[in-house]
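J.: Residues per chain, in single letters:
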Amino acid sequence: MADNEPTATEEVAAPVVADEVASAVIAKFPRAIFNDSHGQAVLYIDRADWHAVAEFLRNEERFTQCVDVTAVDHLLDETRLSVAGITPERFETVANFLSHPRNRRIRLIAQVSEFDTTIASLTDIYPGTNFPEREVFDLLGIEFIGHPDLTRILLPDEWTGHPLRKDDAPARIPVAFKGDPGPQ
Amino acid sequence: MSEKVITNDSEQIRLENQTGEGAQELQPQTRDVVLTGGLWPEDEATTIINMGPQHPSTHGVLRIMLELDGETVLRLKPVIGYLHTGMEKTGEELTYVQGATNVTRMDYVSPLSNELVWSLAVERLLDVEVPPRAVWMRMMLVELNRMASHLLFQATNGMDMAALSIMIYGWREREEVLRLIEMITGLRMNNNFIRPSGVAADLPEGWDTETLRVCDLVEKGVQEYSAMLNENPIWIERLSGVGVLTTEQAIGLGITGPILRSTGFPWDLRKAQPYLAYDEVDFDIIYTENGDCYDRFTIRLIEILESIKIVRQCVERMPPGDYRTQDPKITPPPRTRINESMEALIHHFKLFTEGFRVPAGETYTAVESPRGEIGCYLVADGTAKPARMHIRGPSFYNLQSLAPMAKGSLVADTVAVISSVDPILGEVDR
Amino acid sequence: MGLEQVPHNFLTGRLEDLVKWARTNSVWPATFGLACCAIEMMATGAAHYDQARFGMEVFRASPRQADLMIVAGRVSQKMAPVLRQVYDQMVEPKWVISMGVCASTGGMFNNYALVQGVDQIVPVDVYVPGCPPGPETLLHGILTLHEEIRTGAIMKRRGPSKGAGIQIDNIDGVTGSVRPVTITSS
Numbered sequence: 001m002a003d004n005e006p007t008a009t010e011e012v013a014a015p016v017v018a019d020e021v022a023s024a025v026i027a028k029f030p031r032a033i034f035n036d037s038h039g040q041a042v043l044y045i046d047r048a049d050w051h052a053v054a055e056f057l058r059n060e061e062r063f064t065q066c067v068d069v070t071a072v073d074h075l076l077d078e079t080r081l082s083v084a085g086i087t088p089e090r091f092e093t094v095a096n097f098l099s100h101p102r103n104r105r106i107r108l109i110a111q112v113s114e115f116d117t118t119i120a121s122l123t124d125i126y127p128g129t130n131f132p133e134r135e136v137f138d139l140l141g142i143e144f145i146g147h148p149d150l151t152r153i154l155l156p157d158e159w160t161g162h163p164l165r166k167d168d169a170p171a172r173i174p175v176a177f178k179g180d181p182g183p184q
Numbered sequence: 185m186s187e188k189v190i191t192n193d194s195e196q197i198r199l200e201n202q203t204g205e206g207a208q209e210l211q212p213q214t215r216d217v218v219l220t221g222g223l224w225p226e227d228e229a230t231t232i233i234n235m236g237p238q239h240p241s242t243h244g245v246l247r248i249m250l251e252l253d254g255e256t257v258l259r260l261k262p263v264i265g266y267l268h269t270g271m272e273k274t275g276e277e278l279t280y281v282q283g284a285t286n287v288t289r290m291d292y293v294s295p296l297s298n299e300l301v302w303s304l305a306v307e308r309l310l311d312v313e314v315p316p317r318a319v320w321m322r323m324m325l326v327e328l329n330r331m332a333s334h335l336l337f338q339a340t341n342g343m344d345m346a347a348l349s350i351m352i353y354g355w356r357e358r359e360e361v362l363r364l365i366e367m368i369t370g371l372r373m374n375n376n377f378i379r380p381s382g383v384a385a386d387l388p389e390g391w392d393t394e395t396l397r398v399c400d401l402v403e404k405g406v407q408e409y410s411a412m413l414n415e416n417p418i419w420i421e422r423l424s425g426v427g428v429l430t431t432e433q434a435i436g437l438g439i440t441g442p443i444l445r446s447t448g449f450p451w452d453l454r455k456a457q458p459y460l461a462y463d464e465v466d467f468d469i470i471y472t473e474n475g476d477c478y479d480r481f482t483i484r485l486i487e488i489l490e491s492i493k494i495v496r497q498c499v500e501r502m503p504p505g506d507y508r509t510q511d512p513k514i515t516p517p518p519r520t521r522i523n524e525s526m527e528a529l530i531h532h533f534k535l536f537t538e539g540f541r542v543p544a545g546e547t548y549t550a551v552e553s554p555r556g557e558i559g560c561y562l563v564a565d566g567t568a569k570p571a572r573m574h575i576r577g578p579s580f581y582n583l584q585s586l587a588p589m590a591k592g593s594l595v596a597d598t599v600a601v602i603s604s605v606d607p608i609l610g611e612v613d614r
Numbered sequence: 615m616g617l618e619q620v621p622h623n624f625l626t627g628r629l630e631d632l633v634k635w636a637r638t639n640s641v642w643p644a645t646f647g648l649a650c651c652a653i654e655m656m657a658t659g660a661a662h663y664d665q666a667r668f669g670m671e672v673f674r675a676s677p678r679q680a681d682l683m684i685v686a687g688r689v690s691q692k693m694a695p696v697l698r699q700v701y702d703q704m705v706e707p708k709w710v711i712s713m714g715v716c717a718s719t720g721g722m723f724n725n726y727a728l729v730q731g732v733d734q735i736v737p738v739d740v741y742v743p744g745c746p747p748g749p750e751t752l753l754h755g756i757l758t759l760h761e762e763i764r765t766g767a768i769m770k771r772r773g774p775s776k777g778a779g780i781q782i783d784n785i786d787g788v789t790g791s792v793r794p795v796t797i798t799s800s
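Residue numbers (this note's numbering), protein chains in the order written: chain Z, 1 to 184; chain G, 185 to 614; chain V, 615 to 800.
Don't read these hints as lab results, they were simulated from the structure. Hints should not be assumed to be uniformly reliable.
Which bits of chain G does chain V cover? Going by a derived footprint, with three or more residues having C-beta under 8 Å, they are [unchecked claim]: (1) 264-273; (2) 285-295; (3) 367-379.
Restricting the straight-line Cα-Cα distance to at most 27 Å, the calculated cross-link-like pairs of lysine-lysine (DSS-like) are [stated by the list, open to error]: (4) Lys166(Z) x Lys534(G); (5) Lys534(G) x Lys493(G); (6) Lys569(G) x Lys513(G); (7) Lys166(Z) x Lys569(G); (8) Lys513(G) x Lys534(G); (9) Lys404(G) x Lys513(G).
In this text the structure is predicted, and so the values were computed from the model without any measurement. Note that CB positions come from ideal geometry on N, CA and C, so glycine has one too.
All chains, full assembly: derive it from the sequences and hints.
T.: Given below as C-alpha cells:
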C-alpha cells in the first residue's frame with residue numbers, strides 16, 4: 001500500500017509573483033514557492049522554515065491570527081495538484097493565516113515525509129494553534145516539536161493508530177439487510 | 185479599521201497552557217501553607233473536580249477539569265472528544281453532494297451555515313457561479329438560521345443562569361423560525377438544503393407573508409427578553425465583569441465571532457470579506473467594549489435584530505430566476521424531465537450514483553456562522569469524492585478561551601463563561 | 615355486604631395497576647443529550663410540544679433521581695463508558711429510549727468513531743427513528759414507552775443484553791447470520 005503512486009500529476013507552472021506578501025516571504029526565504037489557488041495566495045515552504053516563516057508573517061507582515069492548522073494525507077490521490085519546484089511528500093501540513101489590519105489571508109503548505117512526521121509547533125507565536133495541532137497529531141500522527149502538551153484530544157488516550165491516515169481503515173461494519181421477523 | 189498594533193501575549197498564554205500532564209490529567213499543585221489569621225490553616229493541596237461530560241448545562245458533552253482553591257478556579261482544562269464522530273473520515277467516503285449531509289451535522293444548531301461553507305468551497309473548486317436567486321435564498325436561510333441559533337443561545341444562557349422562564353420563551357420564538365425553515369427546506373434541523381450547485385428546491389407559495397410574520401414575532405420576542413433581562417439586577421450581577429477577555433488574548437487564541445466582537449474589535453466576515461450578497465444589504469456589526477459575559481449576551485440579542493433586518497430586505501428584493509445552476513454536469517435535472525429525455529435520465533443516474541468529479545485543487549473558504557468564522561479546507565483529487573475535507577469549527581478555537589476567562593472566578597461563574605462562549609460540541613469534536 | 619354499602623369514598627383497584635399508573639405518569643428523564651437530537655429533545659420539553667403534560671418536564675441531572683435515559687445523539691467510543699456508568703447509576707425501575715438513528719444503529723456514521731447502536735451497551739426499550747426525530751416522533755416514542763410501562767410486567771428482571779436480537783440474513787451478498795460487531799479501540 002505504500003507504493004501507491006498517483007497515476008497522473010497536473011504540472012502547474014510557477015506564476016509570476018504578483019502578491020506582495022508572497023514576494024516578501026520569497027525574498028527572505030528563497031526556497032518558498034508561490035501558487036495562486038483559485039484566487040487565494042498559497043506559499044509552499046520548506047518544512048525547516050515553518051516556524052521562521054510564521055514568525056515573519058506575524059512580526060513583519062502583520063498576520064495577526066492563525067486561523068487553522070491542519071494536514072492532508074495524499075497517499076491515495078488519483079490526481080495530485082503539483083506545483084513546479086516542490087518535491088511532493090505523503091503528508092502536507094497546511095496553515096491558514098488572516099491579517100486583520102490588511103484584511104487578507106495567506107496559506108502556508110509544507111511537505112512532510114512519511115518517514116519523518118515532525119514539524120515545528122506554532123504555539124509560541126500563535127497560542128490558538130494549541131488545539132488544532134493536538135488534533136492533527138491525534139488523527140494523522142504528525143508531531144509538533146515544541147508543543148506544550150502534545151496528547152490525544154479527540155480520541156481516547158489508549159487508542160492506537162491515526163484514523164485520518166489513508167491506510168487506517170474507516171472500520172465500517174457491513175450494512176446488512178436484516179430479516180426483521182416483525183412484531184411477535 | 186484602527187491600525188493599532190496587536191500583540192499576542194503569546195508567551196504568557198503559552199506558559200499557562202504548559203501542562204505536560206496528559207490529555208485527561210490535571211494534577212493538583214501543592215503550594216505554600218497560608219495562614220489567613222483565621223482559626224485554621226489553609227490546605228496544602230488544591231482540589232481537582234470534574235464537570236461533565238454529562239451535566240445539565242446542555243452544551244453537549246464537554247468535560248471541564250477545574251483546579252479549585254475553595255470556590256475559586258485556579259486552572260481550567262477542557263477535555264473534548266466525547267462526540268468525535270469521524271466526520272472528516274466519513275467525508276472522504278461521500279460524494280460532493282452527499283458531503284452536505286455530513287457537514288450539516290457538525291454545528292447542528294446552525295446547519296445551514298455549515299452547508300453554505302461546504303457549497304462555497306466546492307463551487308470555488310469547480311469555478312461555477314450560482315444564479316442570483318440561489319444567492320439571495322441562501323443568504324435569507326443563513327440569516328434565519330442565525331436568528332434560530334441566537335434564540336437558542338438566549339434560552340440556554342438563561343437556563344444556565346437559572347432563569348428558567350427564558351428557556352421556554354426562547355424556544356417559543358425558535359419554534360416559529362424552525363417552522364418557517366421547515367416550510368422552505370422541508371426539515372427543522374440538518375436540512376441538507378444548500379448544495380454545491382445552488383439550493384435544493386425553490387421557495388414555496390406564501391413564503392414572503394410567512395417570513396414577515398415570523399420576523400415580527402421574533403422582534404416582539406427580543407423586546408420581551410430585553411425588558412426582562414437587560415436591567416435585571418440579578419442578571420447584571422451574574423454576567424457583568426465575568427469572564428473578561430482582551431482583544432490581544434482573543435486574537436492570539438484564534439477566537440472569532442461574538443466573543444471577539446465583545447472585546448471591542450468589530451470584525452465580522454460578512455462586512456470584512458463579504459460573500460453571497462452581504463455587500464448589497466444594509467446591516468450593522470454589533471460590538472461592545474468590555475469583553476464580559478453580559479456583552480456577549482447583548483451582542484447576540486441585538487444580532488437577532490440585525491438578522492431580521494437582512495431577512496426583510498431579502499423578502500423585498502428576492503430576485504426571480506433559477507434556484508440552481510443549469511450546468512448538467514453538476515445539477516441533477518428536474519424530476520419530470522427524467523421521463524421525457526434519455527439524456528436527463530443518464531445525467532440523473534450518473535450524478536446520484538457516481539457524483540460529479542471535481543478537478544484537483546485545494547481551497548479554504550470561510551463564512552461567518554453564529555459562533556464565528558467557520559472555514560472549509562477542501563482538497564480535491566479529480567475523483568467524485570474529496571481527498572480531504574476539513575472544517576475549521578469556530579467553537580473548537582473558542583473553547584481555548586475558557587482557560588483565561590475562567591481563571592480567578594468562582595465555579596458558578598465558570599458556568600456563565602461556558603454558556604457565553606456558546607460552544608457546540610458537534611463542530612468541536614467533528 | 616359488599617363494599618358498595620360502605621358509606622365512605624373509596625376507590626379500589628389492584629396494587630399492580632396503581633403502581634404502574636404512578637410509574638407511567640411520572641417518568642423523569644435523565645439529561646443525556648449528546649448531539650443534534652438533544653436540541654429536539656429540548657424542543658419536546660419546551661412549551662410548544664410540552665412533555666410536561668405527560669409528567670416528564672423534570673429533567674433530572676442526577677441519574678440517581680431519574681427513571682428514563684433518553685440517549686439523544688451519537689455515542690462515540692470515548693463516551694461509551696460514561697454512558698454505561700450513568701446507566702448503572704440509575705435506580706430500578708429504569709428504561710432507555712434510543713432517540714435518533716445514531717443512537718439506534720450508528721446512523722449515517724458507519725465508522726471507527728461511533729458505537730453502532732447504543733443497544734450494544736445498554737438494553738433499550740424503545741427506538742425512535744429520525745435524523746433528528748421531530749418532537750412529534752419523540753413524543754410517539756415516549757407514549758409507546760408509557761404504554762409498555764402501563765401494561766407490562768411490574769417486576770422486570772433483565773438478563774445480559776444480547777443487543778437488538780435481530781437476525782441478519784443477507785450481508786452484501788454473503789449468506790448466513792452474523793452477530794453485531796462492537797468496535798473497540800485496540
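J.: Does each hint fit the structure? Answer for all of them.
T.: Right, here's what the structure says about each hint:
{"no.": "1", "hint": "264-273", "verdict": "holds (count 8)"}
{"no.": "2", "hint": "285-295", "verdict": "holds (count 5)"}
{"no.": "3", "hint": "367-379", "verdict": "holds (count 3)"}
{"no.": "4", "hint": "Lys166(Z) x Lys534(G)", "verdict": "holds, 26 Å"}
{"no.": "5", "hint": "Lys534(G) x Lys493(G)", "verdict": "violated, 42 Å"}
{"no.": "6", "hint": "Lys569(G) x Lys513(G)", "verdict": "holds, 15 Å"}
{"no.": "7", "hint": "Lys166(Z) x Lys569(G)", "verdict": "holds, 14 Å"}
{"no.": "8", "hint": "Lys513(G) x Lys534(G)", "verdict": "holds, 9 Å"}
{"no.": "9", "hint": "Lys404(G) x Lys513(G)", "verdict": "violated, 46 Å"}
When held up to the earlier numbered hints, the structure conflicts with 5, 9 and fits the remainder.
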